[in-house]
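Just so you know, the protein sequences line up as chains A and H, in that order. Counting from 1 along the first sequence, just add 1464 to a position and that's the residue number in this note's numbering. Counting from 1 along the second sequence, just add 1464 to a position and that's the residue number in this note's numbering.
The hints are simulated quantities; they were obtained by calculation from the structure and are not laboratory data. Virtual Cβ for every residue (Gly too), placed ideally from N, Cα, C. Fair warning: there could be bad hints in the mix.
[To be verified] Sample of chain A residues facing chain H (criterion: CB under 8 Å; computed from the structure):
1. Thr-1499
2. Val-1501
3. Arg-1503
4. Leu-1533
5. Ala-1555
6. Gly-1562
[To be verified] Below, computed lysine-lysine pairings styled on DSSO-like, alpha-carbon distance capped at 30 Å:
7. H:Lys-1585 with A:Lys-1585
8. H:Lys-1487 with H:Lys-1640
9. A:Lys-1652 with A:Lys-1522
10. A:Lys-1487 with H:Lys-1585
11. H:Lys-1741 with A:Lys-1527
12. H:Lys-1640 with A:Lys-1527
13. A:Lys-1527 with H:Lys-1585
14. A:Lys-1479 with H:Lys-1585
15. H:Lys-1522 with A:Lys-1522
16. H:Lys-1741 with A:Lys-1487
17. H:Lys-1527 with A:Lys-1522
18. H:Lys-1487 with A:Lys-1702
19. A:Lys-1683 with A:Lys-1741
20. H:Lys-1585 with A:Lys-1522
21. A:Lys-1527 with H:Lys-1652
22. H:Lys-1527 with A:Lys-1652
23. A:Lys-1741 with H:Lys-1527
24. H:Lys-1479 with H:Lys-1930
25. A:Lys-1522 with H:Lys-1652
26. H:Lys-1487 with A:Lys-1527
There are 2 protein chains.
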Amino acid sequence: MAEPILTPQAEDFPKWYQDVVAKAEMADNGPVRGTMVIRPYGYAIWERIQSAVDQRIKAAGAKNVYFPLFIPESYLQREAEHVEGFSPELAIVTIAGGEELAEPIVVRPTSETVFGEYMAKWVQSHRDLPLLLNQWANVVRWEMRPRLFLRTSEFLWQEGHCAHASYEDASAYATKIHLEVYNDFLQKVLAVPTYVGIKPKSERFAGAINSMTCEGMMKDGKALQMATSHELGTNFAKAFNITFQSEAGSSEFCHTTSWGISTRTIGGLIMAHGDDKGLVVPPVVAPIQAVVMAVRDDEAVHAACRELVLRLQDSGIRAELDISSGSFGRRATDWEIKGVPLRIEIGPRDLAVGEVTVARRDTSEKAQVQLNTVVAHAQILLEDMQRLLYSAATGHRDSNTHDVSTVEEAITAAQTGFARLDWKTVDGAGETVLKKEAITVRCLQRRDGTMPISDQEPDLVAIVAKSY
Amino acid sequence: MAEPILTPQAEDFPKWYQDVVAKAEMADNGPVRGTMVIRPYGYAIWERIQSAVDQRIKAAGAKNVYFPLFIPESYLQREAEHVEGFSPELAIVTIAGGEELAEPIVVRPTSETVFGEYMAKWVQSHRDLPLLLNQWANVVRWEMRPRLFLRTSEFLWQEGHCAHASYEDASAYATKIHLEVYNDFLQKVLAVPTYVGIKPKSERFAGAINSMTCEGMMKDGKALQMATSHELGTNFAKAFNITFQSEAGSSEFCHTTSWGISTRTIGGLIMAHGDDKGLVVPPVVAPIQAVVMAVRDDEAVHAACRELVLRLQDSGIRAELDISSGSFGRRATDWEIKGVPLRIEIGPRDLAVGEVTVARRDTSEKAQVQLNTVVAHAQILLEDMQRLLYSAATGHRDSNTHDVSTVEEAITAAQTGFARLDWKTVDGAGETVLKKEAITVRCLQRRDGTMPISDQEPDLVAIVAKSY
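Build the full structure now, drawing on both the sequences and the hints.
Okay, here's the thing in structure tokens:
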């Protein structure tokens, strides 16, 4: 048997991840430490993620804008927790246009501060609220232990920034974004089930009064934070003087929120569905849903392949033609590594009987299908695969989430999956004990699995795990 | 008569531009010198520009990628002309992660160098060529005299970077991008006619052997460079060792190209079509094509407005509802400033007779139209307006382009428009004389108006003008 192309997951999961990112041509390390070059296949997945998230954000009423990359250093210092949280990770421009700058400039690690400054100008009256803004941008946070997609010194994301008239409005809108934009996208597009909850105080965003999270379980049982939404209370409104005249005529501080999802989700997609043969890309987010491969270098076969690609594309399937002359086995392995949902193979013998071979990436099933019905067949398989990936990931998550009673049991459970236990058992000293084992509280939930309004609710449970 | 809201164009064109950018809520100055905050209305136009250009780029076969914002300073130094051209404009990061960096990092002013480094890794054989890549990104060039959209220290753009096996392939593909992506987009989407040609040597991109340009004429008779495509010869291939094994087995340098279009085009859109009442946005690129306004605060009127918006949207027209309670005159003026192509006004008297008032932004014509046929009417008006804006801009350009014989005549003509004269009359000393008058050679063309292959062709004409 041939040497496996990828390190098996069971042997060394981080090495498998590195291998698959390289071999599937998703990304390369950039020349500056911790930066990333996203290659065409990786970027095509990101474009589909962007489009799905952007549609949902627009449906939720927020409008896209673009704020500058450069933020005066003094802005960050206006919110005490914020500057403390981000200072160690900043990249700072000190020279521009050939001269030393009088005030150093920070390359945005996130944009609450600069949005705050302009919200203060744009919001005058309660009639200007809510102000619902979003931007797609790159941000920079210096990373000591970079990993492609998961932790990079520069990453791509969207960051929403909103101002509301009351705590209730702000909380309700951030929750709506969290559930109807992020969690809906993660489930329906990436096929990743999540635990949705709020962060304990120790894990909140710097400057927030509440942080919501969607936590996915990767194939190695570790957690990945896949999206976060923050209620900032009046902290940034006070730091940037974002006030409005209420209906009653008084001047009030706005309640602001921020929320983001990033290229990190691509890492989550890889680790939630990939296997020893490579990526497994859910059909909804797959740039190529079906590749039509010529088994032999034969003109009649090529013509049939070309025609089938057009028929698939006409019916809305993202199909790609592979009639290249390399070894068939090697080409098939490459498409497998890239996680393309369906391989449709056509050879001279297939053609003679009017059939094609359809291979499914997730189950590895192969079937002979009539050439004249293969398009309808492919549509059914793609829908089935999207469903099955979600239910397989849900099964994996559920069977690796253990209800435990003590911090010690949680430590044991977190070696291979998640532990769930009463928050009051962990709160305080328990968190410190867990952290020594590189385990954190990923989120707090109500006992029925729904998201609490605040960590002050009684009877919460904590989901704890090792994480990326 | 009320005070005009905008400075009239004839009085002070730059002030008019500033006024309209602010009053139409397109953009604000950022906090760091020369940076820009693109507001929702401005960004919605940019999204439509992106989408139109991206579709054309994909149709031309290039694939999107994302390269890092940060480039090692040493990369820029590898191509002598390139570093000389960009050094004065660089923003440099010297501190990151709390420490002084051993090698300073440049915030990308453009990405030829870093693409070059990875092309060298990815290209091995002639089978890997052509390598056709593109990225949508922000870039930074420190600006001493910033102007929103036109010259900003940070701007958004796409930059294509390709490697080819021969000079001919590189030249043909760059030309295809220039004509079929950029010029087609400028004409059909932005409705801006251009002079397409090549730059004289003095105006070439730093490191290029040939630079193609699309030059638009603004309403004040000045030129705006709206898109450029560069042939880089083997300059970057030699600097970054981008080589391939030819079919014959020899090692050869690639021929590379780069090409870009930026948020600057929004400035061009404003100055090519705007008038004393504000923006005039061509329907194809307009985020809002028709606004349906209630003339009175009346429930039956509101209901009719809502229903009409849905009917317009169902037929693919981007329609917006305005049933706000402010003064009708003020609201109408605001939509006029924003350049929305059609205002459809409904009042109680209109409703009684089953009619609406349709006001066209470009001609200011108003007509009474049957409510039940207004959707079809609007479609016709939008198509007509797109055509008319293009032909009006073409008429303006042609009547302000003067064929002259001497450099002195060119200087006179360039006070109010463009001058066209034999390139051999300008080449050399003429360029220096023009530059003293802040006039430059915008492009070189063949006598029939087509684009030459190189400035070595005989019998070229020069288009000269003042410019942004």
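Cross-check of the supplied hints:
1. Interface restraint check for Thr-1499 (chain A): the shortest CB-CB distance to chain H comes to about 4 Å, inside 8 Å, so the restraint holds.
2. This hint holds: Val-1501 (chain A) has a C-beta 5 Å from the nearest C-beta of chain H, less than the 8 Å allowed.
3. At a threshold of 8 Å, the smallest CB-CB gap from Arg-1503 (chain A) to chain H is about 6 Å, leaving the interface hint in force.
4. The interface hint given for Leu-1533 (chain A) is met, as the beta carbon of that residue sits about 5 Å from the closest beta carbon of chain H, less than 8 Å.
5. For Ala-1555 (chain A), the interface hint holds, since its Cβ comes within 8 Å of a Cβ in chain H; the closest pair sits about 4 Å apart.
6. The closest approach between the C-beta of Gly-1562 (chain A) and any C-beta of chain H is roughly 5 Å, which is under the 8 Å cut-off, so the hint is satisfied.
7. Proposed proximity of Lys-1585 (chain H) and Lys-1585 (chain A) is contradicted: the alpha carbons are some 49 Å apart, above 30 Å.
8. For a cut-off of 30 Å, the pair hint linking Lys-1487 (chain H) to Lys-1640 (chain H) is broken: about 38 Å separates their Cα positions.
9. For a cut-off of 30 Å, the pair hint linking Lys-1652 (chain A) to Lys-1522 (chain A) stands: about 17 Å separates their Cα positions.
10. A hinted pair counts as satisfied when its Cα atoms are at most 30 Å apart, and Lys-1487 (chain A) with Lys-1585 (chain H) qualifies at roughly 14 Å.
11. Restraint check: the Cα-Cα separation between Lys-1741 (chain H) and Lys-1527 (chain A) comes to about 25 Å, which is no more than 30 Å; the hinted pair holds.
12. A distance of roughly 35 Å separates the Cα atoms of Lys-1640 (chain H) and Lys-1527 (chain A); the hinted pair therefore is violated under the 30 Å criterion.
13. For the hint pairing Lys-1527 (chain A) with Lys-1585 (chain H), the CA-to-CA distance comes to about 40 Å; that exceeds 30 Å, so the pair is violated.
14. For the hint linking Lys-1479 (chain A) to Lys-1585 (chain H), the alpha-carbon distance of about 22 Å falls within 30 Å, and the restraint holds.
15. A threshold of 30 Å between alpha carbons decides the hint, and for Lys-1522 (chain H) with Lys-1522 (chain A) the separation of about 25 Å falls inside it, so the pair holds.
16. Proximity of Lys-1741 (chain H) to Lys-1487 (chain A) is assessed by CA-CA distance (about 57 Å); at most 30 Å being required, the pair is judged violated.
17. With a CA separation close to 26 Å, the supplied pair Lys-1527 (chain H) and Lys-1522 (chain A) stays within the 30 Å bound.
18. For the hint pairing Lys-1487 (chain H) with Lys-1702 (chain A), the CA-to-CA distance comes to about 28 Å; that is within 30 Å, so the pair holds.
19. For the given pair, Lys-1683 (chain A) sits about 14 Å from Lys-1741 (chain A) by alpha-carbon distance, which is consistent with the 30 Å threshold.
20. Annotation: proposed proximity of Lys-1585 (chain H) to Lys-1522 (chain A) is violated, straight-line Cα distance about 40 Å (limit 30 Å).
21. At roughly 26 Å between alpha-carbon atoms, Lys-1527 (chain A) and Lys-1652 (chain H) fall within 30 Å of each other, so this suggested pair holds.
22. A hinted pair counts as satisfied when its Cα atoms are at most 30 Å apart, and Lys-1527 (chain H) with Lys-1652 (chain A) qualifies at roughly 26 Å.
23. Of the pairs offered as hints, the one joining Lys-1741 (chain A) and Lys-1527 (chain H) holds, with about 25 Å between alpha carbons and a cut-off of 30 Å not exceeded.
24. Our distance criterion of 30 Å between C-alpha atoms is met by Lys-1479 (chain H) and Lys-1930 (chain H), whose separation comes to about 17 Å.
25. Our distance criterion of 30 Å between C-alpha atoms is met by Lys-1522 (chain A) and Lys-1652 (chain H), whose separation comes to about 27 Å.
26. With a C-alpha separation of about 18 Å, the suggested pairing of Lys-1487 (chain H) with Lys-1527 (chain A) holds against the 30 Å cut-off.
In the structure shown, a violation is registered for the earlier hints numbered 7, 8, 12, 13, 16 and 20, in ascending order.
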